[in-house]
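Take the two lone chains and join them into the complex the hints point to.
For reference, the chains in residue letters:
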Amino acid sequence: MKTIMKYVVADLIRNKVIVVYAIILAVLSFSLLSIDENPAKGLLSLLNVTLLFVPLISILFATIYYFNSIEFIELLLAQPVRRNKVLLAEYAGLTISLSLAYLLGVGLPVMIISPNLAAITLLLSGFLLTLIFTAIALLIFVLFKDKTKGIGAAIAAAMFFTLLFDGLLLIFIYSFNEYPIDKAVLGITAFNPVDLARILMLLQLDVAVLMGYSGALFKKFLGTGTGSVYVVICMLFWVLLPLLLSVRVFRKKDL
Amino acid sequence: MPRLIITILFIFFAYNGNAKTIVVRADKANAIKNALAYCTDGDTVSIEKGLYKEQDILVSKRITILGKDYPVIDGVKKGQLIVVVRDSVIISGLQLQNTGRSSMTDMAAIRLQNVKSVSVINNKLVNNTYGVYLQNSHYCLVYKNTIRADAQDELNSGNGIHAWKSTHLLLQSNNISGHRDGIYFEFVTDSRILNNTSTENIRYGLHFMFSHKDVYTRNSFINNGSGVAVMYSKQVEMYYNTFRHNWGDASYAILLKEIADSKIEHNLFDKNTVGIYMEGTSRIQVLYNEFVENGWAMRVQSSCDNNVFEKNNFLSNSFDVATNGTMMLNTFNNNYWDKYDGYDLDKNKVGDVPYYPVSMYSVVTERVPTAMILYRSFLTDIMNRVEKVMPSIVPDKLKDDNPLMKSLKLR
Chain A
1 MKTIMKYVVA
11 DLIRNKVIVV
21 YAIILAVLSF
31 SLLSIDENPA
41 KGLLSLLNVT
51 LLFVPLISIL
61 FATIYYFNSI
71 EFIELLLAQP
81 VRRNKVLLAE
91 YAGLTISLSL
101 AYLLGVGLPV
111 MIISPNLAAI
121 TLLLSGFLLT
131 LIFTAIALLI
141 FVLFKDKTKG
151 IGAAIAAAMF
161 FTLLFDGLLL
171 IFIYSFNEYP
181 IDKAVLGITA
191 FNPVDLARIL
201 MLLQLDVAVL
211 MGYSGALFKK
221 FLGTGTGSVY
231 VVICMLFWVL
241 LPLLLSVRVF
251 RKKDL
Chain B
256 MPRLIITILF
266 IFFAYNGNAK
276 TIVVRADKAN
286 AIKNALAYCT
296 DGDTVSIEKG
306 LYKEQDILVS
316 KRITILGKDY
326 PVIDGVKKGQ
336 LIVVVRDSVI
346 ISGLQLQNTG
356 RSSMTDMAAI
366 RLQNVKSVSV
376 INNKLVNNTY
386 GVYLQNSHYC
396 LVYKNTIRAD
406 AQDELNSGNG
416 IHAWKSTHLL
426 LQSNNISGHR
436 DGIYFEFVTD
446 SRILNNTSTE
456 NIRYGLHFMF
466 SHKDVYTRNS
476 FINNGSGVAV
486 MYSKQVEMYY
496 NTFRHNWGDA
506 SYAILLKEIA
516 DSKIEHNLFD
526 KNTVGIYMEG
536 TSRIQVLYNE
546 FVENGWAMRV
556 QSSCDNNVFE
566 KNNFLSNSFD
576 VATNGTMMLN
586 TFNNNYWDKY
596 DGYDLDKNKV
606 GDVPYYPVSM
616 YSVVTERVPT
626 AMILYRSFLT
636 DIMNRVEKVM
646 PSIVPDKLKD
656 DNPLMKSLKL
666 R
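Residue numbers (the working numbering), protein chains in the order written: chain A, 1 to 255; chain B, 256 to 666.
A portion of the hints provided could be inaccurate.
Heads up, simulated PhoX-like pairs for lysine-lysine below, C-alpha to C-alpha not over 25 Å straight-line [to be verified]:
id	chain 1	residue 1	chain 2	residue 2
1	B	LYS566	B	LYS512
2	A	LYS41	B	LYS399
3	A	LYS220	B	LYS526
4	A	LYS41	B	LYS661
5	B	LYS566	B	LYS652
6	B	LYS304	B	LYS323
7	B	LYS518	B	LYS566
8	B	LYS420	B	LYS308
9	B	LYS332	A	LYS41
10	B	LYS643	A	LYS41
11	A	LYS41	B	LYS526
12	B	LYS304	B	LYS316
13	B	LYS420	B	LYS512
14	B	LYS518	B	LYS652
15	B	LYS332	B	LYS275
The hints are simulated quantities; they were obtained by calculation from the structure and are not laboratory data.
None of the values given here were measured: they were computed from a predicted structure.
This is chain B alone, in the form it adopts within the complex (with noise of 0.2 Å):
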């Protein structure tokens, strides 16, 4: 037994032996660059505190980039910072700022480029165009990173983590802000973002396109310019985000357009001019969320069919919903809704009279966006209380059959 236990620390001596750590100051110039000529895969380099001033580092081996105490590395405006095309890197503990701006090339402080398993850890990302971007790259992992920039204006600036044609990334618990889009995916299926803070991106928090059977939990999305856009995308899942105060005169918490097959459910939509605009979507599941004190919570266009609004609350909306024609596909159902007033006379929590979510003024607006001119005054007040009795102009198929009457708790 003893000689076994021997053999087996020496294999592990002996394998451990291989694998150097290779120690980086910041007293010469190119320092990282000429370590990492040096290093062999499986290699550990260890980047001492300092400032390095560097582009275009080329990580072409398998090994573990660790910063101690954020190392800075510069790009002092030119080109890009770290491109890794090997796989499994780790790159962790690292401060990377300032990389170019360019038309031809997106510069990125981090580039995945075709790899496979690259965790990118806990760095702080600061004035680049693009944060981390993913290239053709699978099974990666972006986790606990502070990304950071002050983007003016769309042309110039890039997005905070950038993921194109890529499958299974795990982007988790990073905090993005100031990029044009928060996170942005193009063509990348079987990913999951969870945990992750979006805020002030002048775009969106979150974009994404033609990227299917993605998964968005416990996400937070606060003051982006138009908060989060989904489009062309099919079984995508959003389940305990937070939309909040995405406010501005073209904001959504969330704009679906041809989304097909997908899960909303438990989010808190706080806020935001539209709570969800709905445009070609089909077969969505909308459950179990919380519409607060937005200017509309939903704007379900008449090209949307199929999908199921069920058990969510709308609270203290200036407008419930709003569409923009009188056919109607969709269930509403079993909702709680502030604005109801029927009565429940066999006291089994619902309500008798259905609920029409589409006020009087609502239509009027989508038909002549002019009359919002007449917010709030005391003939829209009226024009709605007499619809409400008498149904006429609404879209009449556009009901909550049963209307729950007290609201549910959600959280």
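Chain A with its partners taken away, still in its complex shape (with noise of 0.2 Å):
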């Protein structure tokens, strides 16, 4: 398994379009945190580009790089090597790449202007948001056999966790806004990684208030240690499963 990692990883450096992702980030992030002299409203603006780059370009690299490695893969199947082995393999070197790009890119810089626990929360939402969407990738790469719909379902993917969820989600909380939904809405939030993500790296700024002045709840759940353990644990869910799942899938596959 090892082997086979380093060889990701090699050729994704080779690639160089993980070493240019890595690249962009830096200049974003230094650009970002120089422009204001309070440097929480420059990882807040740096939340907004994680939450929005970070699982857009995870998951349509991934897919991609997982379709493409796709006559790689077949070939080292031809070998005595077990199949989850070579499937992990494949998405641990994916991951290990592109999560040292994010916390090259974005670590560097946060930790050189401001070095605190916001900025380690940042670094630590970004780097779940990695894993978790090169593992979705990797779901959609077992699931489909054609690269075009791979990518197609790559894209929906990524355009529903950041944007319709929360669509809906705000439709859910307009029209049951008369019942008691607090608990259902923390509830639901875990079903979204960039909202888990988002929750994790506001609970570390002030801003925290604002959300539980509007209600007794988040403030107890999302005010204390619990909220953020919570939060975490949630996300390493959002990994492990569909990891599992397309292990699962790739088992009984017809390639």
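As structure tokens, this is what we get:
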């Protein structure tokens, strides 16, 4: 498994897309953090970048990469290696390079300009988002045979999680406004990793109070350490579930 | 001529000779009380440095009480410390600590009861239930006192400076912290509050009700549980005050309820959950204020009318204005809004298109507070942008027709 991972990582670095991704993130972070004298605001803008670009780029790039390396995978499977090992090695190699790119691109500027707990949370949420969306890409790869359909699904998934989900949530909140839905809303956010990442980050900033203003439950739940722990656990589930599911599908898949 | 001078000197000395100075030392029990029993009007009681464990010291003569190097009067958690019932008393240079706590009487370090022209100057008040308690008193001065306590909850604590049914007070340069309310006014009129600092009180930095014609200038209210509350008053004027970091889920820099004909000018609102909360207010002038990094710069309920908001700076607030209805009988004009993205073609430094300070998302959260969970998500950004192009949900009467292109220099 290690050997396969090494090959994947080497291939990706030779590819240079990952390097460009890291450089773009670094330039963005440096400029956003130095525009405003208040680093907390720079972090909030970086959060927006993280929430929009990391899911989109991770899922698109990963899907395309998986589909492109299908010959390589088939070649490997002709050898005496187990299927799930090949698949997980592919995933691990890709995730390692993408998250390295993110952690270097955003992490270096952030750690130089404003090293604090909020910055670490930002990196953590970006890192988790990378893990999650490459895992979803893997699931898309094993579910679809056709590359075009796969990429379409990847775009749809990214759009769903970054935009559509919140719209639906808002409609839900609006229509069941008369009922005590605070708990339900908290539960529903667990179904969207992007929302989870956003909440995780907001909890580390002063603006969390604004959320508390709207309801005692948000304050009680999100205001304490439990809120953060809950969010991180939910996000870890978001990594594990697609992975397990894709391994399962892939084991029986007719290649 | 020399004879006249001698006569004047003679009269002066004769008069001065009548007034004694009594020196009190902490060597006997009830030293202060004994001295007070002995002195007469016009005397000075000079208290030497030391620890005096006395309670309920009744000052019923027109005297001056001076402390040397802050002698400590300790109430050992029983009773009140000094009760003044005579006009023109001066109390200065004492350290008063540890009053009792009671649910029957408000235990105060210094209580002024039905008096006039009493001065409380330069004292240190530590760990008292109430600090200075003015009750039906007039023309009194409370100056340069440090009032400190560490109140834990609202029920078992009192206020730093508590004034009730008084007129013409001057509270100046006091430093108050850790009480229930820093300064509390009820039925107090024609008074001035200058240059005080009120911090870390568990409820309000300043709390006043039914108090008309009062002026508040250059005070700082920092980090109080709920900021400042002003209720049921008329002709209140607030100038050059600083409201900073009143941050919590029920905190306001100023809460205005049923206020009329007042002025709020040149104040700074920095990092408060809500800068100004208004409910049922009329004819208030909000001019030349700066709102920086607040959650909501203002929440103007639709029960407010004829208020004028002009020449204010709104910088980096999460929400500029929130309101709970569509009716708006107030005027916003000539403010600087950092979120304004209009243009100024005729270069008169005033934007050519109106600014709508209430964002769409702010309307949504006002109707459905739960929607706050979507704070800073993409969807809300997009909603705000769309609404800016085609306003349909935001209250269309709440707008600034002449938004400024550049921020005002207010400080």
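Verification of the hints:
1. B:LYS566 - B:LYS512: holds (23 Å)
2. A:LYS41 - B:LYS399: Distance of about 39 Å is beyond 25 Å: violated.
3. A:LYS220 - B:LYS526: holds (22 Å)
4. A:LYS41 - B:LYS661: Distance ~21 Å between A:LYS41 and B:LYS661 Cα, so the pair holds.
5. B:LYS566 - B:LYS652: holds (19 Å)
6. B:LYS304 - B:LYS323: Cα-Cα ~6 Å, so holds.
7. B:LYS518 - B:LYS566: The given pair, whose Cα atoms are some 13 Å apart, holds under the 25 Å limit.
8. B:LYS420 - B:LYS308: Distance of about 31 Å is beyond 25 Å: violated.
9. B:LYS332 - A:LYS41: It is violated: about 48 Å lies between the C-alpha atoms, which goes past 25 Å.
10. B:LYS643 - A:LYS41: Distance ~23 Å between B:LYS643 and A:LYS41 Cα, so the pair holds.
11. A:LYS41 - B:LYS526: Holds, at about 13 Å.
12. B:LYS304 - B:LYS316: Given pair B:LYS304, B:LYS316 holds - Cα atoms ~23 Å apart, limit 25 Å.
13. B:LYS420 - B:LYS512: Given pair B:LYS420, B:LYS512 holds - Cα atoms ~20 Å apart, limit 25 Å.
14. B:LYS518 - B:LYS652: holds (23 Å)
15. B:LYS332 - B:LYS275: violated (33 Å)
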